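Colleague: Numbering-wise, UniProt numbering puts 26 at position 26 of the sequence shown, and it's gapless, one number per residue.
Be aware that one or more of the hints could be misleading.
Unchecked claim - Distance condition first, Cα-Cα at most 30 Å in a straight line; then the derived BS3-like pairs of lysine-lysine:
{"#": "1", "residue 1": "K173", "residue 2": "K192"}
{"#": "2", "residue 1": "K98", "residue 2": "K226"}
{"#": "3", "residue 1": "K139", "residue 2": "K112"}
{"#": "4", "residue 1": "K173", "residue 2": "K98"}
{"#": "5", "residue 1": "K101", "residue 2": "K139"}
{"#": "6", "residue 1": "K98", "residue 2": "K48"}
For the record, the hints were derived by calculation from the structure and aren't laboratory data.
Being a predicted model, the structure only gives us computed values, none of them experimental.
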Amino acid sequence: MFPMGEQKHAVPQRPAKQDRFIRWLIGILCEVLVLAGIVMGWEASEQKQLGHVQVSYSKTPTLFVSGDYSNWLTFGPMNARLERYDIGQAVWTIHVAKDGKATIDKRGPLGKRNPLILVLFADNHHASREARQLTGVMKMLKQREHINTVNMVGHSSGANIVYQYLTGKAADKREDYPDTAKFVNIATTFSKAEQKAADRFPRHIQVLNIAGDLFGTGGDLGVSVKGDHKLGEMLAGRVDGYQSETLVGGISVIHYLLHQNPHVDRAVTDFLWQARFTPQTNYPR
1 MFPMGEQKHA
11 VPQRPAKQDR
21 FIRWLIGILC
31 EVLVLAGIVM
41 GWEASEQKQL
51 GHVQVSYSKT
61 PTLFVSGDYS
71 NWLTFGPMNA
81 RLERYDIGQA
91 VWTIHVAKDG
101 KATIDKRGPL
111 GKRNPLILVL
121 FADNHHASRE
131 ARQLTGVMKM
141 LKQREHINTV
151 NMVGHSSGAN
161 IVYQYLTGKA
171 ADKREDYPDT
181 AKFVNIATTF
191 SKAEQKAADR
201 FPRHIQVLNI
211 AGDLFGTGGD
221 LGVSVKGDHK
231 LGEMLAGRVD
241 GYQSETLVGG
251 ISVIHYLLHQ
261 NPHVDRAVTD
271 FLWQARFTPQ
281 TNYPR
């Protein structure tokens with residue numbers, strides 16, 4: 001019983017759907033804030049790593065070959081960052097159709113300021129087939145575009161594609177293909193067949209091998225550091241120079257983010273274009 005004149009008012013309840021929407025919205029906002037923080041942190045690191053780099057320029061193009069199910073988002077952003085800091089110029093994109101036919105999207109001439117070339121495969125999850133297609137691309141670059149020397153960068157199975165190209169048909173008649181001066185391998189393991197083919201790898205080449213180690217776990221959630229460093233054992237005594245770098249850190253060293261890591265940008269820049277780089281032999285023991 002309530003005193004006369006006093007009334008009980010029911011508190012209106014929000015619909016359950018409205019509560020769920022509010023929680024969902026708060027969750028999305030939190031994720032956006034976290035992502036924004038990560039991006040801002042990466043941009044600050046990018047500025048620190050690339051903002052004051054002095055590089056030497058040449059007309060030698062660098063080809064970027066990415067791995068399974070890749071597209072422009074794999075190496076395209078790295079090329080954009082290198083161009084932003086005047087390290088290189090993203091000038092060509094080579095599109096390779098499923099039948100192997102290649103077309104070149106040219107933004108302009110290659111020039112002499114470290115030209116960057118993306119290689120994108122329509123059939124992008126069969127490394128051995130892509131390696132054969134890359135062989136045709138490289139022959140075209142030599143014969144039609146008159147490119148005599150290149151650098152090559154591969155991530156994950158993209159590096160397998162490059163490796164199989166270098167040790168495959170091109171090894172039998174190298175005069176038909178551009179010389180490869182430098183090769184950057186990012187987070188890759190190699191099959192037994194690839195290991196056996198190491199004696200076909202070109203000798204006059206310098207190699208940089210980059211691995212990721214997530215929080216000291218010994219790998220990047222895709223490739224183990226030990227598996228990646230197998231390349232050093234394969235090429236020991238076979239090439240002009242070999243060096244390896246292992247990046248230990250957080251989410252930025254996860255396998256599928258390594259090619260967006262500013263420290264990888266810097267390592268690639270130092271190796272390919274920095275004037276003070278001195279070839280060295282640093283094989284793992």
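Colleague: All hints are to be evaluated individually against the structure, with a verdict given for each.
Modeller: Hint check results:
For the given pair, K173 sits about 24 Å from K192 by alpha-carbon distance, which is consistent with the 30 Å threshold. A hinted pair counts as satisfied when its Cα atoms are at most 30 Å apart, and K98 with K226 does not qualify at roughly 34 Å. In summary, the hint linking K139 to K112 is supported, as the alpha carbons are separated by about 21 Å, within the 30 Å threshold. Only pairs whose Cα atoms come within 30 Å are accepted, and K173 paired with K98 is accepted, the gap being roughly 25 Å.
For the given pair, K101 sits about 12 Å from K139 by alpha-carbon distance, which is consistent with the 30 Å threshold. Between K98 and K48 the CA atoms are separated by roughly 40 Å; this puts the pair beyond 30 Å, and the hint is violated.
Hint compliance for this structure: hints 2, 6 are not met, and every other hint is.
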